[in-house]
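With the hints as a guide, bring both chains together as one complex.
Here is how the chains run, residue by residue.
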Amino acid sequence: MITDEMLQKAAQAADEALTESISSMEEDAHEFSEKFEKKMKKLIWKTKHPVINQVRKAAACILMVLLAGGSTVLAFSSEARNAFMGWIREQNESYVRYHFTGEEVEKEKKRYQLGYIPDGYQEIERYELESENWISYSDKEGRYFHFLYMDSSSDDHLFIMQQEQLKKESATVAGKTADF
Amino acid sequence: MLICLQMIDTPEQRTKLEYLYDKYRNLMFCAARKILNDNSDAEDAVQQAFVKIAENMEKIQDPDCPKTRCLLVTIVENKAIDQYRRKQKIHKVEYIEENIGLSAEYHGEDVLTKCILKLPGRYREIISLKYHQGYSTKEAAKIMGISESNASKLDQRAKKKLKEFCRKEGIL
Chain R
0 MITDEMLQKA AQAADEALTE SISSMEEDAH EFSEKFEKKM KKLIWKTKHP VINQVRKAAA
60 CILMVLLAGG STVLAFSSEA RNAFMGWIRE QNESYVRYHF TGEEVEKEKK RYQLGYIPDG
120 YQEIERYELE SENWISYSDK EGRYFHFLYM DSSSDDHLFI MQQEQLKKES ATVAGKTADF
Chain A
0 MLICLQMIDT PEQRTKLEYL YDKYRNLMFC AARKILNDNS DAEDAVQQAF VKIAENMEKI
60 QDPDCPKTRC LLVTIVENKA IDQYRRKQKI HKVEYIEENI GLSAEYHGED VLTKCILKLP
120 GRYREIISLK YHQGYSTKEA AKIMGISESN ASKLDQRAKK KLKEFCRKEG IL
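So the protein lines, in turn, are chains R and A.
Going by numbering that gives the first Met the number 0, the letters in the first sequence line up with residues 0 to 179, in that order.
Going by numbering that gives the first Met the number 0, the letters in the second sequence line up with residues 0 to 171, in that order.
Calculated directly from the structure, the hints in this document are not laboratory data.
Owing to the predicted nature of the structure, the values given are computational and were not obtained by experimental measurement.
Hints are all accurate, no fakes.
Within a straight-line C-alpha distance of at most 25 angstroms, the following computed DSS-like cross-link-like pairs (lysine-lysine) qualify:
hint: 1; chain 1: A; residue 1: K167; chain 2: A; residue 2: K113
hint: 2; chain 1: A; residue 1: K58; chain 2: R; residue 2: K40
hint: 3; chain 1: A; residue 1: K58; chain 2: R; residue 2: K41
hint: 4; chain 1: R; residue 1: K8; chain 2: A; residue 2: K160
hint: 5; chain 1: A; residue 1: K33; chain 2: R; residue 2: K34
hint: 6; chain 1: A; residue 1: K22; chain 2: A; residue 2: K58
hint: 7; chain 1: A; residue 1: K86; chain 2: A; residue 2: K141
hint: 8; chain 1: R; residue 1: K38; chain 2: A; residue 2: K33
hint: 9; chain 1: A; residue 1: K158; chain 2: A; residue 2: K141
A partial selection of chain A residues facing chain R, derived with a Cβ cut-off under 8 angstroms:
hint: 10; residue: E17
hint: 11; residue: L111
hint: 12; residue: L116
Beta carbons: idealized from backbone N, C-alpha and C, even for Gly.
So here's chain A without its partners, still in its complex pose (with noise of 0.2 angstroms):
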C-alpha cells in the first residue's frame, strides 16, 4: 500500500484526494453501509475504497464531474462486498453471482439500464470501469484487486448474464 501511495508526487494530486475525501465520504459511506449494514464495517470498506483511490489518483481528472462520483461508488462498492465476503468466510468463485451489492429504481425507458442494474455487484463494477469510466481490462483489474485473467473472465461472464436478462426482456 505504502510502496503505491509513493506514486502520489504532485501537489495538486495529494490535494485532489483530500477534496474527494471531504466531498465524497458521506456518499461512500452510504453506499458501503447499504451493503454491509454496519457502520463500523462500512467505515473500513470506505477507508480500504480510499487507499485504492490513491493508487489511482492519476485515472480522476475532474472530482467534480458525475463521471468521478459514479467511479467512486463503484470503487467503495466492489470494497464493501469485499468485506462483506470476509466475513462471511466467502471466497469461491461461483459465488460470485449472488446477489450482493447496490441497487436501485430505475425510471427511465432503456430496458439494457434495467438489465445492467439486474446484475450482481462484481459484473456491473466490472461493466461500469470498461464501458462507463472506458478503462482497459488491465486498469479495472487493478482498481478491483484482482488479476487481469479473472477480470476478463468477469467481463465475459458479466455480459453472458446481461444477453440472458436481455433475452428474458425480449431486447434480443
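Okay, chain R solo, but in the shape it has when bound (with noise of 0.2 angstroms):
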C-alpha cells in the first residue's frame, strides 16, 4: 500500500530531479524575443499598477458602452442625428465650409472697358490672361495710364500700390466713390 507520506517524499524526489535535468540543460541564456519581452512587460506593469489598469479597464468599459448607445441612438432617431450635427456644427461656427460636387458650369468672361477715354490717348497694349486684365493707354508726348481688372469669384486678391510718385485722386465709378 502507498501511503500518503510515502507520495509526500517521493513526489519531492521526483520534482526534484526533474528540476534538476532541466537545470543541467540550461546552457546560454536564451535570448527572448522582442514579442514575448514586450508582454512580459505589459504583464508585470499589470500587476504592479493594479489600480491604474482597473481605472483603464473602467474607463474602456464606460467609452464602448457610451460610443454603441449613442451610435444607437443617432442610428435609429433622425432627431438625435439632427442635434447632433448641429452641435458640430455650432463647434465649427465661424468656420463652416460647403463642398459642391458635380460638373463646373462653364461661365462666359465678362470683358470690361472704360466708358471715357481722355483726348489724345489711345490704347497701346492689352494683357488678357485667365483672370487678369490688363489695358495700357497712351497719348503721344509718351504720358499713358493702365486699366487693370481682375476676374475672379474669391476676395482673397492683394492689390499692393507703390506709394512713390504715385498721384491719388478720388474718383467715382458708376455714381460711387472708389478707393482712390
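Structure (C-alpha cells):
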C-alpha cells in the first residue's frame, strides 16, 4: 500500500530530479524575442499598477457603452441625428465650409472697358490672362495710364500699390465712390 | 486574466513576480522547449505560465526555495502540454495518458520516485501539486486550469497508474 507520506517523499524526490535535469540543460541564457519581452513587461506592469489598470479598464468599458449607445440612438432617431449635427456645426460656428460636387458650369467671361478715354489717348497694349486683364493707354507725348481689372470669384486678391511717385485722386465709378 | 491580476495587491507580492521572472525564466523556457521543440511556442508557454503564477502568487512563500523552483517547472510543464495539445488539436480526455511531458534521469534507490517519473506529465503534475506542494484538489485544479471534478478524476487515475507501475516493479 502506498501511504500519503510515501507519496509526499517520492513526489518531492521526483520533482527535484526533474528540475535538476532541466537545470543541467540550461546552457547559455536564451535570448527572448521582443514580442515575449513586451508581453512580459505588460504583465509585470499590470501587476505593479493594479489600480491604474482597473481605472483604465473601467474607462474603456464606459466609453464602449457610450459609443455603442450613442451610435444606436443616432442610427434610429433622426431628431438625435439633427441635434448631433447641429452641435457639430456649433463647434465650427465661425468656420463652416460647404463642398459642392458635380460638373463646373462654364461661365462666359465678362469683358470690361472704359466708358471714357481722355482726349489724345489710345490703347497701346492689352493683356488678357485667365483672371487678369490689363489695358494700357498712351498719348503722343508718351504719357500713359493703365486699366486693370481682375475676374475672380474669391475676395482674396491683394492689391499692392507703389506709394512712391503716386498721385492719388478721388474718383467715382458708376456713381459710387472709389477708393482712389 | 486581468481580474485575476487584480488579486496581487501588496508591493511585496508585486516585486516577487519580477524576481521570479528574472530568476527562473530560462529554466522555465528550457522545460517548455523540451516539450514543444520550438522557441516561439516555448515562449508562449512561459508567458502563460507567468500569468498563472501571477494569479496564484499568494501560494508562493519563498521565491528562492527548491519547492518554488519545482512549482514553477510544474506550472510551465502544464502550460507547455496545453500548448502542445492545442497545436495537435488533441483535446480528448483519453489522450491524457499520452506520454507528453518532461523526463528525468533518476539515480536514487526509491522505486516509488522512479514510478512517479514514469507517469505521463498530467498525472505527475497532479501528484506533485497535491503531495509535494501540499495543495488541495481545488487549489491544484485552479493552477492546472481545470475543474475540481476533473482534477479529482485525474488524481484517481494518476494513483491507479502509479499502482500499476509499482506492481510491475514488485513493490506492491
